[in-house]
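Peer 1: Following the hints, complete the assembly by docking chains B and C onto the known chain A.
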Amino acid sequence: MKEHHAKTIDNDLFEVGGKILTSRLFIGTGKYASDDIIPQVCKHSGACVITVALRRVDFHSKTDNVMQHIPEHMQLMPNTSGARNADEAVRIARLARAMGCGNWIKIEVITDNRYLLPDGYETVKATEILVRENFSVFPYINPDLYVARDLVNAGASAIMPLGAPIGTNRGIRTEEMIHILIEEIDIPVIVDAGIGKPSHACQAMESGADACLVNTAIATSDNPVLMGEAFADAVHSGRKAYLAGQAVTQQWASASSPLTGFLSSLEKNS
Amino acid sequence: MSFYSEYIKYKNFDLLPMMESINKNDVQRAIQKNRPSIKDFVTFISPSAQHLLEPMAQKAQDIKKRYFGNTIQLFTPMYLSNYCINHCLYCGFNHNVKMTRYQMNEKEIEQEASTISKTGLKHILILTGDAPSIASIDYLENCCHLLKKFFSSISIEIYALETNEYQRLIDAGVDGLTIYQETYHENLYKELHPKGPKKNYRFRLDSPQRGAIAGMRNVNIGALLGLDFWQRDIFYTVLHAAWLESMYPETEISISLPRLRPYDGCYIPKHPVSDKEMVQMICAIRLFLPRCGITISTRENEWFRNNILTLGVTKMSAGSSTAVGGHTIKEHHHSQFEISDKRSVEEMVHYLKQVNIQPLYKDWEQF
Amino acid sequence: MLVTINGEDIHFSKSLTISDFLKEKDIASDTVVVELNRQIIPTEAYENTFFNDKDSLEILRFVGGG
Numbered sequence: 001m002k003e004h005h006a007k008t009i010d011n012d013l014f015e016v017g018g019k020i021l022t023s024r025l026f027i028g029t030g031k032y033a034s035d036d037i038i039p040q041v042c043k044h045s046g047a048c049v050i051t052v053a054l055r056r057v058d059f060h061s062k063t064d065n066v067m068q069h070i071p072e073h074m075q076l077m078p079n080t081s082g083a084r085n086a087d088e089a090v091r092i093a094r095l096a097r098a099m100g101c102g103n104w105i106k107i108e109v110i111t112d113n114r115y116l117l118p119d120g121y122e123t124v125k126a127t128e129i130l131v132r133e134n135f136s137v138f139p140y141i142n143p144d145l146y147v148a149r150d151l152v153n154a155g156a157s158a159i160m161p162l163g164a165p166i167g168t169n170r171g172i173r174t175e176e177m178i179h180i181l182i183e184e185i186d187i188p189v190i191v192d193a194g195i196g197k198p199s200h201a202c203q204a205m206e207s208g209a210d211a212c213l214v215n216t217a218i219a220t221s222d223n224p225v226l227m228g229e230a231f232a233d234a235v236h237s238g239r240k241a242y243l244a245g246q247a248v249t250q251q252w253a254s255a256s257s258p259l260t261g262f263l264s265s266l267e268k269n270s
Numbered sequence: 001m002s003f004y005s006e007y008i009k010y011k012n013f014d015l016l017p018m019m020e021s022i023n024k025n026d027v028q029r030a031i032q033k034n035r036p037s038i039k040d041f042v043t044f045i046s047p048s049a050q051h052l053l054e055p056m057a058q059k060a061q062d063i064k065k066r067y068f069g070n071t072i073q074l075f076t077p078m079y080l081s082n083y084c085i086n087h088c089l090y091c092g093f094n095h096n097v098k099m100t101r102y103q104m105n106e107k108e109i110e111q112e113a114s115t116i117s118k119t120g121l122k123h124i125l126i127l128t129g130d131a132p133s134i135a136s137i138d139y140l141e142n143c144c145h146l147l148k149k150f151f152s153s154i155s156i157e158i159y160a161l162e163t164n165e166y167q168r169l170i171d172a173g174v175d176g177l178t179i180y181q182e183t184y185h186e187n188l189y190k191e192l193h194p195k196g197p198k199k200n201y202r203f204r205l206d207s208p209q210r211g212a213i214a215g216m217r218n219v220n221i222g223a224l225l226g227l228d229f230w231q232r233d234i235f236y237t238v239l240h241a242a243w244l245e246s247m248y249p250e251t252e253i254s255i256s257l258p259r260l261r262p263y264d265g266c267y268i269p270k271h272p273v274s275d276k277e278m279v280q281m282i283c284a285i286r287l288f289l290p291r292c293g294i295t296i297s298t299r300e301n302e303w304f305r306n307n308i309l310t311l312g313v314t315k316m317s318a319g320s321s322t323a324v325g326g327h328t329i330k331e332h333h334h335s336q337f338e339i340s341d342k343r344s345v346e347e348m349v350h351y352l353k354q355v356n357i358q359p360l361y362k363d364w365e366q367f
Numbered sequence: 001m002l003v004t005i006n007g008e009d010i011h012f013s014k015s016l017t018i019s020d021f022l023k024e025k026d027i028a029s030d031t032v033v034v035e036l037n038r039q040i041i042p043t044e045a046y047e048n049t050f051f052n053d054k055d056s057l058e059i060l061r062f063v064g065g066g
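Just so you know, the sequences run in chain order A, B and C.
Per this note's numbering, the first sequence runs over residues 1 to 270.
Per this note's numbering, the second sequence runs over residues 1 to 367.
Per this note's numbering, the third sequence runs over residues 1 to 66.
This is chain A alone, in the form it adopts within the complex (with noise of 0.2 Å):
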């Protein structure tokens, strides 16, 4: 049962996987028209998490180290993209952390090219086996509650349930299932994949969520920069409005023929 107890927006703080956040923003550096446009949606959205990917050198092009254009106090959140199974993820996380750039990794096991949608079972295999060699673990899944408690007790950092397919940019199609997990689960829940607009990112930090991880939607827009910030402001809002708690949105009232009426025939005849 997760209970918030009263927080102002300064006292909230995003403690997840040993680190303290002051942004619940996390973004990606996938899908840019160019990299060298990185630093600058680092520093204007705020965004203290930042995610990459593990690839083969291609010897005969050089291209552009990403690294270089991540600002040395980002939190590197490498992802297991490629793997399409548990063994194949706890290989790339291995290789990942080698890199030096801490422990902590993203799980996404996908065998499914067509929606890249995550392999649950996998994806718990495989935190089970690298949460027992110290590295904070945030796996990709399906909002489905059965696969978040076994993350969670495999030891998982947080999990990351996907609002939509990546890459639809369709918002949060998976709202109720996620809302399920915002209450059931005790552990960080960052809304991952399908978040399209500012918008999105906002509902989905109203509804409870303590992140969002939004690549696609800044990587392609036509101004990345302003939409990182404009993210940026989603985030904080939506944050800010669930704090502050819900207003009414439904009336429950007196109605013509009472339910309760036959207990002031009671209190007459007393």
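Please note: incorrect hints may appear among the correct ones.
[Claimed, not checked] Quick list of in silico lysine-lysine cross-link-like pairs, DSSO-like style, CA-CA up to 30 Å: (1) B/K11 with B/K24; (2) A/K240 with B/K59; (3) C/K23 with A/K125.
Keep in mind that the hints were calculated from the coordinates and are not lab data.
Peer 2: Okay, now just chains B and C, sitting in the frame of chain A:
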């Protein structure tokens, strides 16, 4: 981990004065929420909520319909044995009460079961006093084997057991456990249970958990309303139910609302609960725990039961007797408490159908 | 000597270290991670680790990703 670790977080919660500071707006806001918190539950049981019973009832009815349908599950209690070594001050079977102690034999059990099952009821609740050497696990196992022939679901309301003992009864055919903490107030509990194994507060408190671990499909908890301030006991009851729901999501948790009734010998409840307050409780529980069952017994009278049927109640007893062999044995045995709603199963079913509620005789069968 | 590097078979006429290979390809050693026959080689060992016949290497680095 025991529920006790959750309970002590709220043990010194000054509930009663806190509720005085809750106003109608606080309650109104809480009623509108889709997912009320435990703090919102406190507003539902506050004095201010008594002015908002109608909107609470409207929402409770809506929730009940959506999660449970227009149905009520029926069952009846069968008192197998009234031997008891406890000295609980409020109970009609208290060791100190001068009465004939009796335990049904196999033949009598079969007769009683046959009579009851002729009414169509398939869910039975078997009760005993606390006398493990007489109403032993062996005796109970044997009863279950006999009762399986007549009923598709057997629940027990007996003395607190260890996990392996619950397991034995589950293997013998039991699928539901009812056990009331009576009061969650530790000091009051001590006072009310001066002698006998039921004295052990912690052991009793952890029984629902042991039942869930052993594999009970249903675990039904509650407090005997009137022993302590009902607001306090219902607060801890829902805290307990919510905790059980989180810890054992595969177990159906329900709450009973036994309101203290007179018995021959009469313990006068210090904090009697009014009808209005009962309605407030039913609505409050329904709003806070939408999927939790709520059971009302025949302690409540016909008029009251008729009026609260659609407010969130999911299970009711019918055709009850709280005497050992009360359905068949001619010799009148002492009742644990007075039955108020004396309607037969047939009369109950007739009424339910008139108000468009489907009575469920059978909701589950072990296979 | 035949060595498979990033899935590609490469012939080497003489022995060389990981360090040598990276220098040849103009790759800074602190921008990559190297896996030799499924074992991760720490950066400090690049200077002393020689390729052998039939070795399989993976040389990876961080790239953009979400």
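Peer 1: Now tell me if each hint is right for this structure.
Peer 2: Cross-check of the supplied hints:
1. B/K11 with B/K24: The given pair, whose Cα atoms are some 26 Å apart, holds under the 30 Å limit.
2. A/K240 with B/K59: The hint holds at about 28 Å.
3. C/K23 with A/K125: 38 Å, violated
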